[in-house]
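**Student:** Protein chains in written order, with the numbering used here: chain A, 375 to 765; chain B, 375 to 765.
Errors might be hidden in some of the hints.
Copies of the same chain look alike in the list, so a pair counts if it works inside one copy or between any two.
[Said to hold, decoys possible] As a list, the in silico SDA-like pairs of lysine to any residue whose alpha-carbon atoms are at most 25 angstroms apart:
1. Lys667 x Glu526
2. Lys497 x Pro458
3. Lys667 x Gly547
4. Lys656 x Ile563
5. Lys414 x Asp694
6. Lys667 x Glu657
By construction, these hints were calculated from the structure, which means they are not laboratory data.
There are 2 protein chains.
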Amino acid sequence: MTSALSHVACSRCGARYDADEIVQLCACGAPLLARYDLEKAARTLTRDALGGREPALWRYGELLPLRDHAGRVSLEERMTPVVPLRRLGPELGFDALFVKDEGLLPTGSFKARGAAIGVSRAKELGVRAFAMPTNGNAGVAWAAYAARAGIEARIVMPKDAPAIHRWECETVGARLSLVDGFIGDAGRIVADEVAKEGIYDASTLKEPYRIEGKKTMGFELVEQFGWSVPDVILYPTGGGVGLIGIDKALRELQEIGLIAERMPRFVAVQAEGCAPIVEAWKEHRTVSTPWEKTHTVAFGIAVPKAIGDFLVLDALYRTDGMAVAVSDAELLEMQRSIASREGLFVCAEGAATLVAAGRLRESGWIERGERVLAINTGSALKAAAAPTGDR
Amino acid sequence: MTSALSHVACSRCGARYDADEIVQLCACGAPLLARYDLEKAARTLTRDALGGREPALWRYGELLPLRDHAGRVSLEERMTPVVPLRRLGPELGFDALFVKDEGLLPTGSFKARGAAIGVSRAKELGVRAFAMPTNGNAGVAWAAYAARAGIEARIVMPKDAPAIHRWECETVGARLSLVDGFIGDAGRIVADEVAKEGIYDASTLKEPYRIEGKKTMGFELVEQFGWSVPDVILYPTGGGVGLIGIDKALRELQEIGLIAERMPRFVAVQAEGCAPIVEAWKEHRTVSTPWEKTHTVAFGIAVPKAIGDFLVLDALYRTDGMAVAVSDAELLEMQRSIASREGLFVCAEGAATLVAAGRLRESGWIERGERVLAINTGSALKAAAAPTGDR
């Protein structure tokens, strides 16, 4: 299981960089993506080989950037389950509605995937300290994996982010700064610090490996759907790296011939209080306009301007997908509905995808018999604080 | 994978009952335990067979009570990882210290195991409603699985239990009552309700199947330690069902010849503010005396008198184990230590086991080279509310 990583390449201009040097953005300002020798990967990454590997994201080693798995930084994260919604599904008009429950990962969210691979690779490349802005869960995940790796983590977070995330970052020993503003403001502080001190910038898509962790959602779901893809995947979209990652994963598996050349229709789900991707999609634009006056309980997707917006929009157009905004009232109601019907505690962001699923089913955009997968990006135990306020 | 369940038998007097009838306590007042035709189980439950089964507690079907797995009530719970403590372990003087992280199960605690099997079996036996007392996590887990099963859950909880548990129970639609007192007081209310309305009593050890779920911790850890047992297992002990369950699992595996006849030394870990098992063990008694003036932040193990105390104590004596009480200050400090060294968020109860491990290593009761497993019973995301109070 040797990484087939060959180089990193710009997602916009195509410029190539040495993958075994520390790189951040392309000189043109766009994100760099990891590229693999897919022929080489195809020789050992087979269905048979996978059958004998551990049920964890590390099983896809050929298509991960880590050169030496002995040095991996892991909290023993396992593959997350795909849970059939046998009661809520039919109520919403679906025969086959599923949730992939990412809340069961260490640190309670899908951000553990990006941190596991991102921190492991940073450590391998010799990084001793990094800085990053976050709305909470990403910072917590990176701080936790950094603690395990013995790397210094500097986290900058909006002061209005849920208090649990402050507690988590501090508990694992990260250097935490709070900023009176949104994640973009936190990002500017990180950029200053990075420029001044020359430390690693672990901001979303400003290093190429976080997305490599997140794409493992795509690998896993393909296996879980019997080496095929669902008809529709709904993704709660802030920075959108998870969606870009799943898209990248499916295309890599197609290229090495493990699945047929058929894509799911991607649905980017946002909150009405912060829906720049939805607005851009409606107007068929290729990039989004920064959102003003962000306000939503789904803090994890409160990203006014995503650096990878053009990649998200490209995936929506390319797969005949779409973008949907839902209200806080709807998603909070859905949190209760899914809990009382299915016993599942999904976060606000995850609940948003189910609201969107219901609406698209009602409009006929999704048909009853289609296989539909909603991604629940985190545990509701964290979200619990937000809606009730009584903790 | 057919259940080899043969009957249920009293843990004290040995009386036998039909396993396919609804049973609660033995006529003598002691808990009933599920018994299997182990010869029959041994024919199909082999290491080879397990290699091809899903990485979930359901893989041990021969030694689980469910007759028809098609009817199982599952949140797609996966095997929980055993995490090596490569930084904290050596600091505490260990070469091989591990945590089994039960916080990654649905509903955020090991209670999901008992609920998955307990609710599945209750549904199979035709139960339509149950009542149970809880300090929080067990009630949440049973309420969630009941929601998924379409069974009515009546949960009675001390009003001082963490607020998150109230939110969780209400969100999944359970009928929740709060009581001004401890779990024993909640138990008396449940007993009244059960007597009055003839519903199923899902209290700890008052039905025989919750422990069958919890024992899967024992099956899993045996596989994870390469078909052997660690030298020492430390367990945060309230009702003690997890410890009794692991003990039962290991003995069943020995009887069917899957592991050698060697037991780990069990260590029951309690809080200084509620340590009836520790007191009984010190005086070499076979049962505990009800604890008065319970006070600890480790609410999950605040059980003044466990119905299965005699089974816990028997396991300690039989395995040359011991019982240890730790202070709240120590366990809160340990929560931070393990987070900052390992990136792991363990609950207060889980942290207590690591305090005990450190102390037993220091005293020489555990040797440096021994393989030591601490059970973290739940996610720290829930515990987070308690120590800081700032949520």
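**Student:** The structure should be examined with respect to each hint, and the outcome stated for every one.
**Tutor:** Results for each hint:
In this assembly of identical chains, Lys667 and Glu526 lie within 25 angstroms of each other by CA distance neither inside one copy nor across copies; the values are 33 angstroms within and 43 angstroms between. With identical chains, the CA atoms of Lys497 and Pro458 are at most 25 angstroms apart between copies only, with a shortest distance of 19 angstroms across copies and 38 angstroms within one. Taking the shortest Cα distances, Lys667 and Gly547 never come within 25 angstroms of each other, neither inside one copy (32 angstroms) nor across copies (35 angstroms). Taking the closest pair of Cα atoms, Lys656 and Ile563 never come within 25 angstroms of each other, the shortest separation being 32 angstroms inside a single copy and 57 angstroms across copies.
In the homo-oligomer, the alpha carbons of Lys414 and Asp694 never lie at most 25 angstroms apart, since the shortest distance is 31 angstroms inside one protomer and 54 angstroms across protomers. For the identical chains of this complex, Lys667 and Glu657 are intra-copy neighbours only, at 20 angstroms inside a copy versus 66 angstroms across copies, given an alpha-carbon limit of 25 angstroms.
Consistency with the previously given hints fails for numbers 1, 3, 4, 5, ordered from lowest to highest.
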